[in-house]
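If you read the protein sequences in the order shown, they are chains L and V. According to the working numbering, the first sequence holds residues -1 to 342 in order. According to the working numbering, the second sequence holds residues -1 to 342 in order.
Where hints are given, some of them may not hold.
[What the hints assert, rightly or not] Below 25 angstroms or equal to it, Euclidean Cα-Cα: the simulated DMTMM-like pairs (lysine to aspartate or glutamate) are:
hint, chain 1, residue 1, chain 2, residue 2
1, L, 74, L, 137
2, L, 45, L, 9
3, L, 0, L, 137
4, L, 162, L, 118
5, V, 162, L, 213
6, L, 162, V, 95
It is worth saying that the hints were derived from the structure and are not from the lab. These figures come from a predicted structure and were not determined experimentally.
Here is what each chain is made of, one letter per residue.
Number of protein chains: 2
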Amino acid sequence: MKATIMYGAGDVRVENVPDARIQERTDALISITHACICGSDLWPYKKMEHDDAGRSMGHELIGVVEAVGADVRKVKRGDLVVAPFAFSDGTCVFCREGIHTSCVHGGFFGMNGIGGAQAEAVRVPQADGTLVVLPVGKDDKLMPSLLTLSDVMGTGHHAAVSAKAGPGKTVAVVGDGAVGLCGVIAARRLGAEQIIMMGRHPDRIALAKEFGATDIVSERAEEAVERVRELTHGLGVHSVLECVGLEESTLTALSVTRPGGSVGRVGVPQRGSIPEAQPSFYNNVTIAGGPAPVRAYIEEILPDVLEGTIEPGRVFDRVTKIDGVPDGYRAMNEREAIKVMIKF
Amino acid sequence: MKATIMYGAGDVRVENVPDARIQERTDALISITHACICGSDLWPYKKMEHDDAGRSMGHELIGVVEAVGADVRKVKRGDLVVAPFAFSDGTCVFCREGIHTSCVHGGFFGMNGIGGAQAEAVRVPQADGTLVVLPVGKDDKLMPSLLTLSDVMGTGHHAAVSAKAGPGKTVAVVGDGAVGLCGVIAARRLGAEQIIMMGRHPDRIALAKEFGATDIVSERAEEAVERVRELTHGLGVHSVLECVGLEESTLTALSVTRPGGSVGRVGVPQRGSIPEAQPSFYNNVTIAGGPAPVRAYIEEILPDVLEGTIEPGRVFDRVTKIDGVPDGYRAMNEREAIKVMIKF
C-alpha cells in the first residue's frame, strides 16, 4: 500500500510499504477515505534530522472498516468511521476522566510501530475505544468537517475549554492556522462575547471573521499586546487559546491574559520552559491544556457538524491525492495553504 | 510608633517611625493587636540588597480600629478587625471576580508608601473593602487561628482551590511551612481522600498529620517523586499544592501530578520561567494559582475557625513582643520556628 514517510526536514516521500493488517484482537483495519496534513506535521518538516528508517506520517482519518480483531464489538466491516489522532481504550482511569490522550493502553498514529494515516490503510489499535461510526456515506458533503473531528476541531475546542471560554467571556486566539480557526468556532460555540483573532494573513482573517471573530489584531509582539488591551478596556482577555507553541506566541498569550484569566495551550511547546512565571503568578493566570483528548469531544461536537451549525471543514483549502502529499507539506509550510485534505 | 524595617539580607530592625495616620477618606487607622512573620518575608531576609531607606515589613494583622476616613461606612472606631495581606476596594471588576489581589485600587502592605504590619499601628487603605469585623474580643483564644485568615490559611486554601482539591481527590503538598500546613487543612476541609505531605521536619510532620495528612514523604527530589507514585498506584496525584516557589519544588510539584491533574502554586516564584513545559503539556497538567485573594475567602473560612472545626493557629509555635521580631526572623529562617506571632 502507499504511505507517507518523512526522512528528514523537507524530505517527505510517498512510498510502497507492507500492507497494514490486524495484529491484536482489539485492532481494526481501516481503508482510509480521507486524511490530511496537520500543522504539527510541520514541526518535523522544519526540523527533523535525517533518519534512514523514516517516520510514518499522518494522524487524522476517516475510513471504512475492512476487518476487525476477535474482541472488537462496537464497529464492524463496512462501517464508515472517524478516528481521533490518539487511540485509547475508553475504559481506563484516564479515559474515564476524559484525558484519552493519556490512556494507559493508548498511543499515537505514526509512533511506536503504529502506522501513520497519510496512507491507503491503517491498523487502529483499541478499535472499540477509538473509533466513532459516522451516520453518513463517504461521499457526503460534510466529509471535510467530519474529518476535523479527528484533530483540529477537537483541538480548538480543547483550547477553548482549557481557557474557560464561555458566555460573557472575552477571548483571544493566538495562531491563525487550522487549529486557531477552529478555536474561533469553538469559542463562539461556547458563547464567548468577544473573540479576538491574532493573525495577519488575509485569507485566514476572512475565514476567522466568518467563523465568529469579532476583532482582528494584525500587529506583532508588544504592539499586538497593546492592541488587545485597547480592545478590552485595558484589562486583557479572560481566555487565550494558544495554538502555536513557540516561545514568542506563549509570551503573547500570557501577556494578553487578564488577572484571573486562563491560557489554553494546544500548540506543541517548542521550548523546555514556560516564560513569564512571575507575571502570570502575580496575575493569578491559569495555564492549562495539552494534547486534546478529541475522542472525549466527538459525541459533543458531531451533532453540530451534522446539522451544519458549524463548518470547520472550511479550513481545508486544498485537496490532493496521496501522490500530492509532499507538495501539500510544502504548500502548508510556505503558508500557501491553510490545511490540505487527502482524498483516496 | 515602633515598626519593623528591613535594610538588607539578615538586617531587620525595630525602630521608631512617624505614627501611622489617616490620609485618604477611605482609610482606617488600626492599632495592631496581633501580627506575624510570613514565610514570604524570608525571601528578602535571605536575598535583599542593602537599602539605606529600608523596607517596612509585615502584612498580616488583627487590630482595633482607632479612626476612619470620612467615606468609610462598614467599620467604626473600636471594631476588632482582620485585614488580608492585600487591600482592595471590593467593588472593582477584579474584586467582583474574586481576584482581590488584582484590585484596580488595591495594593500591598509594606509597599508603595503603605506601612507594614509588623508595627504598632498601620494605615489601611480601602478600609470598607479590606477589613472584616471579628465577632470576638481581642483576648479570645481563637486569635491565632483568626490571624491566619490574613494570609496563610487563605493562601493554603487558594492553593487547594487552584489545584482543584475536592472529594475523592488525591493531593500532595509541597512545602511544610505554615502555608503548606494550612494547605493540608484546606485540602481536608474540601474533602480530599488522600493528602500526602512532602516534608521532613518532625514537628511539622506531626502537625501535618494532626491537620489531616494521610501520608508523609520525606525523601527528596527524584526519590520523593518515586515515593508519591508508589503511594498513588503509579498514577501521581490529582492536585498538588506548591507552597515554596523554588525551581526544585516546582519541578517536584509538576512531576508528581497525574495526567489531567492540577498544580496550585502559591509559593512566590523565584525564577523567571516554569520548568517542564513539555511533560506538563503532554500530561494536560493545569498550572494555576498566584497570590491568594484571601479577602475572597474570609467569609467562607471564618465560621469554621469560630466553631473550632479547623485550628490553623496551631502553625504559630512562638510568640514575641515587637522587640523580639528580629530574632523571630532568625528563628524562622533557621527553621527553628514554623511561624512567629507578634502580640502587642
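Hint check against the structure, violated hint numbers in rising order: Of the numbered hints, 4, 5 do not hold.
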